[in-house]
Each structure stands twice: as structure tokens, then as C-alpha cells.
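Visitor: Here is what each chain is made of, one letter per residue.
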Amino acid sequence: MNINLNLEGVAKFFQSKCFKCLIIVVIAAVVILLAFKAGTMVGFRRGDFSCHWGDNYHKNFGGPRGGFSGMMNDRDFMPGNGIFGQVIKVEGDSLIIKGQDNLEKSVLVNEKTSIMKFQEQMKMADLKVDDRVVVMGEPNESGQTIARLIRIMPVPPTDAPMVPSMSPGLSQ
Amino acid sequence: MINNQQNNNIHFNAPEPPADLFHKIIMRIKEEHRLMSIRRRIFVFSSLSIISIIALIPAFNWVQQSFSESGFFQFLSLIFTDTSVVLAYWKSFTLALIESLPVITLSVFLVIVAVFLSSLKSLAKNIKVVFSYRRLFSNSEYK
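In order, the protein sequences belong to chains A and B. The numbers in this note's numbering rise by one with no breaks, and the one at position 160 of the first sequence is 160. The numbers in this note's numbering rise by one with no breaks, and the one at position 137 of the second sequence is 137.
Hints may contain errors.
Derived BS3-like pairs: lysine-lysine, alpha-carbon spacing no greater than 25 Å straight-line [what the hints assert, rightly or not]:
no.: 1; chain 1: A; residue 1: K112; chain 2: A; residue 2: K89
no.: 2; chain 1: A; residue 1: K17; chain 2: B; residue 2: K121
no.: 3; chain 1: B; residue 1: K91; chain 2: A; residue 2: K37
no.: 4; chain 1: B; residue 1: K91; chain 2: A; residue 2: K112
no.: 5; chain 1: B; residue 1: K125; chain 2: A; residue 2: K17
no.: 6; chain 1: A; residue 1: K117; chain 2: B; residue 2: K91
no.: 7; chain 1: A; residue 1: K20; chain 2: B; residue 2: K121
no.: 8; chain 1: A; residue 1: K117; chain 2: A; residue 2: K89
no.: 9; chain 1: B; residue 1: K30; chain 2: B; residue 2: K128
It should be emphasised that the hints constitute simulated quantities derived from the structure, not laboratory data.
Isolated chain A, as found in the complex (with noise of 0.2 Å):
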């Protein structure tokens, strides 16, 4: 009898709006944390890959040796997994594009790199200065990102500059 009765106090415990008000508390907990961890996640990237852009300014654009990493200081902080932006240069098998956030950025092409223009597969040689591209891949140590996938996208209707202005780094 007791039994019965304790199981019909858990039962309605289950069905209680302060158990509903659990799970839901429970789930958004797990959502914050989650979200916590990826940004932190996405913020040490971010933070370490603008490091060593900063660093490497002078190797991969031809800066002042001491980098440009005071650029940074009012800026935020860049990402290195996708990069969209106009080609400014190609040269060997890397490529220099002005990126969405109006900085320089280098891309390193490999043979791993799928370089795509609508359906078809192009090659290194076929990008073009002034080309719209997006490119994802892995940021690495020297502050460049090495491509996994380029696409190159087609030219906008408008003549219209894609980002307005130059970086301090483009216009020395």
C-alpha cells in the first residue's frame, strides 16, 4: 500500500510542471555551457591565428619587421577557417585576397586544394587578380590559411567595390 502510494507521488512528480521546469532549466544549461565552449573554442582560433598573422606580416606581405600586430588593437580578432574576399595577387602556389574584415590575408594552395567555378574544376593558373573567391581550410603556424576548397564566385551585377577601403598594411 505504501509502495503504491510512493509510486503514485513519483509518478505525479514526472508529470509536475516543477519536473517539466527541470529538464527545460537542465537543457538550457547544457546550451549555455555548450555555447561557452565554443566561443571560447572559436575565440582562442581567432586570437591565435591573428597572432600569427601579425607576427608573420613582414614574411607573407612584406611589412616592418616588427609585425603588424598593434593593427589588431582596435580591430577584431580575424578568422583563419574561411576567408571571402577579392584575389589582390597570385603568386606560386599562394594567393593574397583581401579578405571580408578588409585585411590582407595569404592563402597557401596545395594539391589537396579543390579550386571550383561553377560546376568545373580549375587550376592555380586560372585565378585572376580581381576574382571573388571563398575559400575554407586550416589556418597554420606563419598566420596563413592553408585551402582545402576555393571557389571562385561570379562577378557581381554592380561595378561597385566589394570592401570600401584599404588596410594600412595594402596601402604601403
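Given the coordinates of chain A, work out where chain B should sit on it, guided by the hints.
Guide: Only chain B this time, still in chain A's reference frame:
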């Protein structure tokens, strides 16, 4: 003499107020108070709805601009055009997407949307209560 007595009877037989008149008056006053607070809430929620819908326009433009500047949709489009490469390098693709997501602008926009929807919900609820009160008063004994 008889006339005087008749006059007195008329005076004393004046119609008595119903027994529950006091109760009805008190109830009506209470209902009016509640209605007043509901009207106040309707004013607050309608103002909030108007402010949030006005704020939605610049917030939407801001979000649109942030998405186009970050290239989020360009990265997202890769999943449709280069599915096999994206699946092979899903980690890089996911990170590229997360990195390009304009979190702050999107959060601000979503907060404004949430404020708009919740104020609209409360507004509809209060308007419904006012209409039900009106119907109640038009048919009720508190008239």
C-alpha cells in the same frame, strides 16, 4: 386626517433598494479598477509593440549588413555547391561558419523580435479580457 395618513403611507412605501445593491456597487467598482489596470497594461504593451516594430527595421538592416560583410551566406552556400568537399572538411567548414556568424547583431535582432512577439501576445491577451468584460457588463446584473 385620512389624507395625511395616506400621504405618510406613500412616503414610507417608497421603493426599497435591492438587498444586494451595495455588493453590486462594490463589485462594479472592483471591475472598473481591474479594467483600468488592464487599459494601462494595454497602453504599455501597445507602446512596447510600436517601439519594437520601429526598432526592428534598423535592426534588420544591421543584421543584413553584418551577414553580407561577414560572408556567412557565401560560406553557407558551399554546402549546396561543394557538398563532398564540405563533408570531407566538415570541421573547417563548421568553424568558418561559426567564425563568420555576426553573433552580437543577431542577438540584438533576436532580442527585439522576442520583445515584439511577447508584447504582442500580452496585448492580444489584455484586449481579449477587455472585450470579455464589455460583453459581461452589457449582459450583467452590475449594469
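Visitor: Please go over all the hints and tell whether each is borne out by the structure.
Guide: Going through the hints against the structure:
The hinted pair formed by K112(A) and K89(A) meets the criterion: a straight-line CA distance of about 21 Å does not exceed 25 Å. Only pairs whose Cα atoms come within 25 Å are accepted, and K17(A) paired with K121(B) is accepted, the gap being roughly 22 Å. With a CA separation close to 16 Å, the supplied pair K91(B) and K37(A) stays within the 25 Å bound. Of the pairs offered as hints, the one joining K91(B) and K112(A) holds, with about 16 Å between alpha carbons and a cut-off of 25 Å not exceeded.
Of the supplied pair hints, the one linking K125(B) and K17(A) holds, its CA atoms being roughly 22 Å apart against a limit of 25 Å. For the hint linking K117(A) to K91(B), the alpha-carbon distance of about 23 Å falls within 25 Å, and the restraint holds. The suggested pairing of K20(A) with K121(B) holds, with an alpha-carbon distance near 23 Å, which does not exceed 25 Å. Under the criterion of a C-alpha separation no larger than 25 Å, the hint pairing K117(A) with K89(A) is consistent with the structure, at around 18 Å.
A distance of roughly 19 Å separates the Cα atoms of K30(B) and K128(B); the hinted pair therefore holds under the 25 Å criterion.
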